[in-house]
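Protein sequences, first through last, are from chains Y and X.
Offset between the first sequence (1-based) and the working numbering: plus 3.
Residue 51 in the working numbering sits at position 71 of the second sequence; the count goes up by one each step and never skips.
Since the hints were made in silico from the structure, they are not lab data.
We put the beta carbon where it would ideally sit given N, CA and C, even for glycine.
Any given hint might turn out to be false.
[What the hints assert, rightly or not] DSSO-like, lysine-lysine: derived pairs with alpha carbons at most 30 Å apart:
hint : chain 1 : residue 1 : chain 2 : residue 2
1    : Y       : LYS20     : Y       : LYS337
2    : Y       : LYS113    : Y       : LYS263
3    : X       : LYS(-4)   : Y       : LYS268
4    : Y       : LYS113    : Y       : LYS20
5    : X       : LYS46     : Y       : LYS379
6    : X       : LYS58     : Y       : LYS113
7    : Y       : LYS331    : Y       : LYS97
8    : X       : LYS22     : Y       : LYS239
9    : Y       : LYS394    : X       : LYS22
10   : Y       : LYS142    : X       : LYS10
11   : Y       : LYS348    : X       : LYS22
12   : Y       : LYS394    : Y       : LYS306
13   : Y       : LYS379    : Y       : LYS394
14   : Y       : LYS394    : Y       : LYS292
15   : Y       : LYS263    : Y       : LYS291
16   : X       : LYS46     : Y       : LYS337
17   : Y       : LYS372    : X       : LYS4
18   : X       : LYS(-4)   : Y       : LYS331
19   : Y       : LYS486    : Y       : LYS292
20   : X       : LYS17     : Y       : LYS372
21   : Y       : LYS142    : Y       : LYS292
22   : X       : LYS46     : Y       : LYS348
23   : Y       : LYS263    : Y       : LYS463
24   : X       : LYS46     : Y       : LYS239
25   : Y       : LYS97     : Y       : LYS268
[Said to hold, decoys possible] Chain X stretches covered by chain Y per the calculated footprint, using a threshold of three residues with CB under 8 Å from any CB of chain Y:
hint : stretch
26   : -3 to 8
27   : 44 to 56
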Amino acid sequence: MELYKLTVHEIRGLVNKGKLSIEKLVRGVIQRIDSTESLLDSFITLNIDEALHQARTLDQLISQEARLSTLAGIPFGVQDNICTFGIRTTCASKMLDDFIPPYDSSVIEKLKNSHSIILGKLNMDEFGMGSSTQNSAFKFTKNPWSLHKVSGGAAGGGAAAVASDQVFYAIGSDASGCLRQPAAFCGVVGIKPTYGLVSRFGLVACAPSLEQIGCITKDVTDCAYVLEEIAFYDKKDSTSIRNGNSTYTSYLMDDVKGLKIGVPKEIFDESWDPDVRTYVNNSIEILKKLGAQIVDITLPHFKYASASHSIIFCCESSSNLARYDGIKYGMRAKGVDNLEELYCKTRSQGFGQEVKAILMLGNLFLSNKFYDSHYKKALKIRELLRNDIRKAFEKCHIILTPTSPILAFDFNHESSLPIGMSESQRYALLANMTGIPAISIPCGFSQEGLPIGLQLMADKFNEGTLIKAAYTFERNTDYHMKKPMKLEVTE
Amino acid sequence: MKLSLKDIEMMAQWSKLELDQEEKLGFEDKLNKILQKIDIIKELDTNHVQLTEDRSIHRYILRDDKVGPSLNRDLVLKNAQDTRNGMFSVPSILD
Chain Y
4 MELYKLTVHE IRGLVNKGKL SIEKLVRGVI QRIDSTESLL DSFITLNIDE ALHQARTLDQ
64 LISQEARLST LAGIPFGVQD NICTFGIRTT CASKMLDDFI PPYDSSVIEK LKNSHSIILG
124 KLNMDEFGMG SSTQNSAFKF TKNPWSLHKV SGGAAGGGAA AVASDQVFYA IGSDASGCLR
184 QPAAFCGVVG IKPTYGLVSR FGLVACAPSL EQIGCITKDV TDCAYVLEEI AFYDKKDSTS
244 IRNGNSTYTS YLMDDVKGLK IGVPKEIFDE SWDPDVRTYV NNSIEILKKL GAQIVDITLP
304 HFKYASASHS IIFCCESSSN LARYDGIKYG MRAKGVDNLE ELYCKTRSQG FGQEVKAILM
364 LGNLFLSNKF YDSHYKKALK IRELLRNDIR KAFEKCHIIL TPTSPILAFD FNHESSLPIG
424 MSESQRYALL ANMTGIPAIS IPCGFSQEGL PIGLQLMADK FNEGTLIKAA YTFERNTDYH
484 MKKPMKLEVT E
Chain X
-19 MKLSLKDIEM MAQWSKLELD QEEKLGFEDK LNKILQKIDI IKELDTNHVQ LTEDRSIHRY
41 ILRDDKVGPS LNRDLVLKNA QDTRNGMFSV PSILD
């Protein structure tokens, strides 16, 4: 049996029946990485020896009939901007090339306590700034469905790794659709939970009011299992929120009868790829046939969302990345005479071009002349968007859009350039601007065989409704069952 | 609003970045293109909009004033490029 092809819930079943050794499972996945990584470049750092050691320890525990959590023994990957004790964490930047965190992020601490096994750190756009992983200082991650296409970003490494069965799930962050857009491009499931549901302690901060830790999985059931594990209150994160309702697996029901799904009229425009249009319309029809009620809704300020998101993203990033001064951690320029020179040379040598652009724009928008006309105005637009969303949820339970109106694009395509202005993220970033949860699920394939993602958004803390709707769609379609063929051929 | 090379130099200075001439020209072009797209917000009147504080963001979590476990000093200092006597070392600030 090719163990790497299994899902988390399938493995769970085998382990519970005593039919699977964790060491065998981990070795199977390592072999899979060995045979595919040179094609994909999903990982920045691998954690093989430690993973095997943990697997052997876990097999011993299982033989002693210890009670273990759902994710025990499941190998996973971590986006390289989430701190892992003793494992290099680079944010895909030269600035943090040799940074080894002296602590675990809270989400990793929780997963370690659940005995889930870290296989490695995943590639991304530098500090999460980009939509294609082309801004990584180390490598470009290729799309498993077509190696000439990007895997999306910032979490392109995670999406490619899950889609190609290199890991069973990936943990990452989402500040502008950074988990959902790659999930859509690679044909897997990605969720950004409600702001505050998952602790961000130990996530290397970039745009804290927009970003949230979430996961990428092979299907919706796995998404519910992982989310259930990582959603918890954490006093180390001042934005963490106590939420009693976190039994997401209880929402794995094939039932959307009576569910009101809102489709915003503003989203339909010329930018859509024709295949995306076909499959999103098809998805609406499928949900309608399954008993959902489709309602028209309006988001009057949607057209200003991308621009205001960009401004907030740049401002928060310029402030947060001021900490890279070459002193406490990260790279340090050599041959400098004074402190000012140390700051400037270190930052100029350590940051890539996209990061520099964002820092400069952020400082411009926060300057006296632009503060009211840009930064404050962007915050006000965020307020208007929140009102739009609030009103929309008076009419429906779920808002439906494509995750991205375009397909995975070629390397060096213009869509990969300015942050937040990328065509591929303009629907996804709505959830970041308003703090609501959103999930991307596979809903079709283009004529050239590239995956298409459907985005469902719900009101704050209604992840359960999202899981139920997504699960129902998945149970009645087979898009999530398809695998990238090219990788299997090359093995 | 169109950014000039002088504006780019000023923004780089605020960001503690040194740019060569080629970079300056590249950023002048790139950032002006982004600003053009961002200009769309000018058409919207937001004077009537009140900013409300998002309580999920602006909360203060307090703990008892008791000594608790802290990071291991040696592990923390290992990430610094230059340390001396258990402290971070920096270039001189005053001549």
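Taking the hints in turn, this is what the structure says about them:
1. A hinted pair counts as satisfied when its Cα atoms are at most 30 Å apart, and LYS20 of chain Y with LYS337 of chain Y does not qualify at roughly 58 Å.
2. For the hint linking LYS113 of chain Y to LYS263 of chain Y, the alpha-carbon distance of about 35 Å lies beyond 30 Å, and the restraint is violated.
3. Restraint check for LYS(-4) of chain X and LYS268 of chain Y: the C-alpha separation of about 44 Å exceeds 30 Å, so the hint is violated.
4. About 25 Å separates the Cα atoms of LYS113 of chain Y and LYS20 of chain Y, which keeps this hinted pair within 30 Å; it holds.
5. A distance of roughly 39 Å separates the Cα atoms of LYS46 of chain X and LYS379 of chain Y; the hinted pair therefore is violated under the 30 Å criterion.
6. A hinted pair counts as satisfied when its Cα atoms are at most 30 Å apart, and LYS58 of chain X with LYS113 of chain Y qualifies at roughly 25 Å.
7. Proposed proximity of LYS331 of chain Y and LYS97 of chain Y is supported: the alpha carbons are some 15 Å apart, at most 30 Å.
8. With a CA separation close to 39 Å, the supplied pair LYS22 of chain X and LYS239 of chain Y exceeds the 30 Å bound.
9. Simply put, LYS394 of chain Y and LYS22 of chain X have alpha-carbon atoms about 24 Å apart, close enough for the 30 Å limit, and the pair holds.
10. For the given pair, LYS142 of chain Y sits about 23 Å from LYS10 of chain X by alpha-carbon distance, which is consistent with the 30 Å threshold.
11. Taken as a hint, the LYS348 of chain Y and LYS22 of chain X pair is broken in the structure, with Cα atoms around 36 Å apart against an allowance of 30 Å.
12. A distance of roughly 17 Å separates the Cα atoms of LYS394 of chain Y and LYS306 of chain Y; the hinted pair therefore holds under the 30 Å criterion.
13. For the suggested pair LYS379 of chain Y and LYS394 of chain Y, the alpha carbons sit about 23 Å apart, so the restraint of at most 30 Å is met.
14. Between the alpha carbons of LYS394 of chain Y and LYS292 of chain Y the distance comes to roughly 26 Å, so the proposed pair stays at or under 30 Å and holds.
15. Proposed proximity of LYS263 of chain Y and LYS291 of chain Y is supported: the alpha carbons are some 10 Å apart, at most 30 Å.
16. In summary, the hint linking LYS46 of chain X to LYS337 of chain Y is not supported, as the alpha carbons are separated by about 40 Å, beyond the 30 Å threshold.
17. Distance hint between LYS372 of chain Y and LYS4 of chain X is fulfilled; the C-alpha atoms sit about 21 Å from each other, no more than 30 Å.
18. The hinted pair formed by LYS(-4) of chain X and LYS331 of chain Y meets the criterion: a straight-line CA distance of about 17 Å does not exceed 30 Å.
19. A distance of roughly 27 Å separates the Cα atoms of LYS486 of chain Y and LYS292 of chain Y; the hinted pair therefore holds under the 30 Å criterion.
20. Distance hint between LYS17 of chain X and LYS372 of chain Y is fulfilled; the C-alpha atoms sit about 19 Å from each other, no more than 30 Å.
21. Restraint check for LYS142 of chain Y and LYS292 of chain Y: the C-alpha separation of about 44 Å exceeds 30 Å, so the hint is violated.
22. In summary, the hint linking LYS46 of chain X to LYS348 of chain Y is not supported, as the alpha carbons are separated by about 40 Å, beyond the 30 Å threshold.
23. Pair hint LYS263 of chain Y plus LYS463 of chain Y holds up; C-alpha atoms about 16 Å apart against a cutoff of 30 Å.
24. In summary, the hint linking LYS46 of chain X to LYS239 of chain Y is supported, as the alpha carbons are separated by about 16 Å, within the 30 Å threshold.
25. Pair hint LYS97 of chain Y plus LYS268 of chain Y does not hold up; C-alpha atoms about 43 Å apart against a cutoff of 30 Å.
26. Counting residues of the stretch -3 to 8 of chain X whose beta carbon lies closer than 8 Å to any beta carbon of chain Y gives 6, which reaches the threshold of three, so the coverage claim holds.
27. With 4 residues having a beta carbon nearer than 8 Å to a beta carbon of chain Y, the stretch 44 to 56 of chain X meets the requirement of three or more and the stated coverage holds.
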